[in-house]
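Chemist: One letter stands for each residue in the lines below.
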Amino acid sequence: MRDIAIVAYSQTDCVRSAGAANEVELIMPQLSAVFDQAGLSNSQDVDFVCSGSCDYLQGAAFAFVAGVDALGAVPPIKESHVEMDAAWALCESILKIRMGHADSALVYGFGLSSPGELPIVLSQQLDPYYLAPQWIDTISLAAMQARMMLDQGLITERDMAEVVARSRANALNNPHAQLAADVSVDNLLEQELFVSPLRKHDCSPISDGAGAMVIATVDQAKEWGKPYVLISGIDHCIETHNLGMRDLTDSVSTRKAAKMAGMANGKVDVAELYAPFSHQEIILTRALGLGDETSINPSGGVLAGNLMMTSGLSRIGEVFNRIISGEAQRGIAHATSGPCLQHNLVTVLEGV
Amino acid sequence: MAILAAVVGIGQTKYQTKRGDVSIAGLVREAAVNALNDSGLVWDDIDAVIIGKAPDMFEGVIMPEAYLTDALGCNGKPMIRVHTAGSVGGSTALVAASHVQSGSYKRVLTVTFEKQSESNAMWALSSKRPFSVNLNAGAGGYFAPIIREYIRRSGAPYDTGIIVAVKDRLQGALNPLAHLQLPNITKKEVEESMMLWDPIRFLESCPSSDGACAMVIAAEDMVAESPKPPAWIRGVAMRSEPTMYAGREEVSPQAGRDCAADVYKQAGISNPRKDLDCAEVYVPFSWYEPMWLENLGFAEEGEGWKLTTEGATALDGGDIPWNCSGGVLSSNPIGASGMIRFAEAARQVRGDAGNHQVEGARLALGHAYGGGAQFFSMWVVGADKP
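Here the protein sequences come in this chain order: A and B.
The first sequence begins at 10 in my numbering and counts up by one.
The second sequence begins at 9 in my numbering and counts up by one.
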């Protein structure tokens with residue numbers, strides 16, 4: 010199979026509300042940034058474009074169509090879209106390159122979570138006959154998951170608060186973070202409960218924003234003469250939608266995706282995990298068997314800012330940045346979708 | 009460089025106004041099981057599932073792959089959801105094919121669907137957004153002015169669209185899965201049907217259907233494990249352009265022309281009318297047949313209507329039959345409509361199209377378009393291994 014590398018990544022700051030910014034206004038600065046990094050001028054310079062977004066966040070059918078206006082798609086381009094996190098748009102792009110129909114691709118994602126009530130909106134992702142009519146929001150489902158872990162003695166509330174304290178501290182070094190602070194675990198535990206056993210800080214914030222990435226074959230990346238990071242593996246796996254049939258305290262699909270992606274073939278210096286709730290970071294860390302040698306969510310993770318439909322791609326971008334800077338040699342990025350970590354994707358990145 | 013791949017199984021549901029007997033999950037499973045049975049395979053043989061549908065607002069289920077995981081036997085497997093507007097059925101087939109052609113997976117299941125009875129597509133398309141053009145009349149209202157411009161430029165006779173409407177319904181009556189069963193339809197009946205968006209009459213428009221379409225796509229080394237003849241994938245192409253830009257050619261979009269040129273080149277086609285045996289082309293409003301005949305290179309610019317009026321595109325006696333299955337004009341589960349075109353093209357070259365079989369079909373085109381006629385996806389499938 011052809012060796013494929015990331016050449017450029019850029020994202021917006023995570024903000025509570027991007028106001029009246031439309032898709033094009035969100036996306037274009039990020040596209041310009043990655044084109045600049047890769048030494049390209051526009052999407053005509055790549056062979057394929059793929060994006061990820063969700064109509065329901067914008068509140069209109071075909072919201073992604075407006076995104077095409079940001080691409081300079083005249084003359085027409087080879088372009089596709091997944092109604093998923095842009096990490097899966099990366100998957101589609103990689104397939105296109107592997108089959109030889111492209112040597113390079115632009116991947117981008119965007120989302121405006123602020124216009125709606127995200128936890129309620131996402132309740133309509135559930136089984137439309139039995140679950141969605143109950144309007145069970147994502148926070149309540151995550152709270153149930155955390156409660157199971159607490160009741161089984163798998164975690165303590167202190168463990169959860171420690172995840173949050175580390176996220177806030179790490180986010181101090183992340184210029185894109187929405188929530189960053191130097192807070193103590195004790196201080197966090199003093200906060201009132203939001204949806205028991207979750208406190209507000211156990212939940213990722215509502216954020217607006219976009220991100221973009223340029224990937225290419227290693228040969229193409231060398232020709233461009235830009236630094237690059239190898240994508241040595243990427244795979245994903247989904248589990249049953251019936252929450253009662255899953256062990257919610259574990260993530261079997263994450264473990265399987267990591268195995269398929271070849272995570273175990275080397276040391277993991279850094280891991281960026283898409284854990285929208287503090288206890289989920291613990292589930293993922295354990296499912297992946299990550300230990301002290303791995304720096305987990307050095308960006309602060311999505312507890313510091315959650316760009317819906319781009320957070321998965323953003324995790325990959327964060328690991329890319331750290332390998333490019335020399336801070337890490339090999340790392341993994343995780344993306345998730347669906348209630349209580351139903352669908353999980355793992356990407357393995359390596360410096361050259 | 010791409011791995012050779014073929015369609016080894018096809019499954020569809022019956023298309024109808026309302027499938028009240030099944031849930032959305034039941035609908036997609038019906039098509040998937042039919043495809044698996046057709047391929048002689050079982051769920052465990054499938055490495056990944058690729059689903060597609062038109063906007064989530066049509067049924068009100070956000071990112072429905074999460075809910076449909078179990079119905080599609082996808083526990084512990086990769087699953088991906090494609091959404092490229094009306095072309096999604098075609099794009100989904102292409103993304104599914106890329107899973108195999110890239111050498112990443114051996115056999116994949118791809119499913120597209122729409123359950124329009126649980127929604128109102130026209131109003132789902134009409135939600136008002138600040139600072140953008142509001143589309144208040146659904147797709148027909150959007151395309152009618154473009155059709156009028158085609159008529160003005162080409163001087164096509166008044167009854168061209170009527171001829172297409174009759175032809176596709178007569179062909180649909182040969183296909184037991186087609187939604188509309190109108191074996192006795194006449195030109196007069198079409199002409200007298202209500203004018204919806206001038207010049208598009210009620211009977212010149214596609215219906216609203218419930219339904220799902222599925223395919224199993226396999227890598228070359230697995231093809232022999234399925235009993236029926238394969239449809240070899242000979243070319244795949246997608247193109248997109250913006251909805252609006254200065255000087256945009258809306259009657260015959262550049263993206264469609266480029267996409268066709270790309271897929272023909274891969275399949276070694278120099279003269280589509282001559283080299284292809286039949287085509288399944290996305291014609292949701294009757295006049296789009298002559299328009300796409302030109303856009304896809306079956307006729308010179310301004311001459312497409314002549315093929316239609318001469319009967320060249322009819323299964324009965326035509327040299328290049330279009331939409332033998334009845335096309336979108338006979339069945340329109342929106343998200344699946346593009347894949348039905350791709351699957352029906354494959355059925356033809358597998359020699360498995362029943363009463364609407366084109367005798368001896370060896371090479372066929374599947375086509376889908378979407379958005380403001382700005383997203384295109386196409387494939388060419390053949391009976392012969394390239």
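Worth double-checking, as some hints may not be accurate.
As the list claims (entries may be wrong) - Once the Cα atoms are required to be at most 20 Å apart in a straight line, the calculated SDA-like pairs of lysine to any residue come out as:
1. Lys273(B) / Asp56(A)
2. Lys265(A) / Pro165(B)
3. Lys136(B) / Gly68(A)
4. Lys136(B) / Met37(A)
5. Lys265(A) / Lys273(B)
6. Lys114(B) / Pro84(A)
7. Lys273(B) / Pro84(A)
8. Lys235(A) / Ser50(A)
9. Lys136(B) / Ser50(A)
10. Lys268(A) / Lys273(B)
11. Lys236(B) / Val41(B)
12. Lys196(B) / Pro165(B)
13. Lys265(A) / Asp53(B)
14. Lys136(B) / Lys209(A)
15. Lys136(B) / Gly271(A)
To be verified - To spell it out: a stretch of chain A is covered by chain B in this simulated footprint if at least three of its residues, at any positions, have a beta carbon under 8 Å from a beta carbon of chain B; those stretches are:
16. 61-67
17. 76-87
18. 94-104
19. 107-118
20. 130-143
21. 229-242
Keep in mind that the hints were calculated from the coordinates and are not lab data.
Glycine residues also receive a C-beta, built at the ideal position from the N, C-alpha and C atoms.
Chemist: Against this structure, judge whether each hint is valid.
Modeler: For each hint, the structure was consulted:
For the suggested pair Lys273(B) and Asp56(A), the alpha carbons sit about 17 Å apart, so the restraint of at most 20 Å is met. For the proposed pair Lys265(A) and Pro165(B), the alpha carbon gap of about 61 Å is over 20 Å, so the pair is violated. Between the alpha carbons of Lys136(B) and Gly68(A) the distance comes to roughly 9 Å, so the proposed pair stays at or under 20 Å and holds. For the proposed pair Lys136(B) and Met37(A), the alpha carbon gap of about 23 Å is over 20 Å, so the pair is violated.
In summary, the hint linking Lys265(A) to Lys273(B) is not supported, as the alpha carbons are separated by about 40 Å, beyond the 20 Å threshold. Among the hinted pairs, Lys114(B) with Pro84(A) is inconsistent with the structure: their alpha-carbon atoms are about 35 Å apart, more than 20 Å. Proximity of Lys273(B) to Pro84(A) is assessed by CA-CA distance (about 19 Å); at most 20 Å being required, the pair is judged to hold. Our distance criterion of 20 Å between C-alpha atoms is met by Lys235(A) and Ser50(A), whose separation comes to about 15 Å.
About 34 Å separates the Cα atoms of Lys136(B) and Ser50(A), which puts this hinted pair outside 20 Å; it is violated. The straight-line distance between the Cα atoms of Lys268(A) and Lys273(B) is roughly 39 Å, outside the 20 Å bound, and the hint therefore fails. In summary, the hint linking Lys236(B) to Val41(B) is supported, as the alpha carbons are separated by about 16 Å, within the 20 Å threshold. With a C-alpha separation of about 15 Å, the suggested pair Lys196(B) and Pro165(B) falls inside the 20 Å cut-off, and the hint holds.
Simply put, Lys265(A) and Asp53(B) have alpha-carbon atoms about 18 Å apart, close enough for the 20 Å limit, and the pair holds. Distance restraint check for Lys136(B) and Lys209(A): the Cα-Cα separation of roughly 33 Å exceeds the 20 Å cut-off, and the hinted pair is therefore not satisfied. Of the supplied pair hints, the one linking Lys136(B) and Gly271(A) is violated, its CA atoms being roughly 46 Å apart against a limit of 20 Å. Evaluation of the coverage hint for the region 61-67 of chain A: fulfilled, as 4 residues show C-beta separations to chain B shorter than 8 Å, against a requirement of three.
Counting residues of the region 76-87 of chain A whose CB falls under 8 Å from any CB of chain B gives 9; the rule of at least 3 is met. Only when three residues or more bring their CB closer than 8 Å to a CB of chain B does the claim for the region 94-104 of chain A stand; here the count is 5, and the claim holds. Here's how the region 107-118 of chain A fares: 4 of its residues keep a CB closer than 8 Å to some CB of chain B, so the rule of at least three is met and the hint holds. Evaluation of the coverage hint for the region 130-143 of chain A: fulfilled, as 9 residues show C-beta separations to chain B shorter than 8 Å, against a requirement of three.
Counting residues of the region 229-242 of chain A whose beta carbon lies closer than 8 Å to any beta carbon of chain B gives 0, which falls below the threshold of three, so the coverage claim is violated.
In terms of the numbered hints stated before, the structure departs from hints 2, 4, 5, 6, 9, 10, 14, 15 and 21, listed from lowest to highest.
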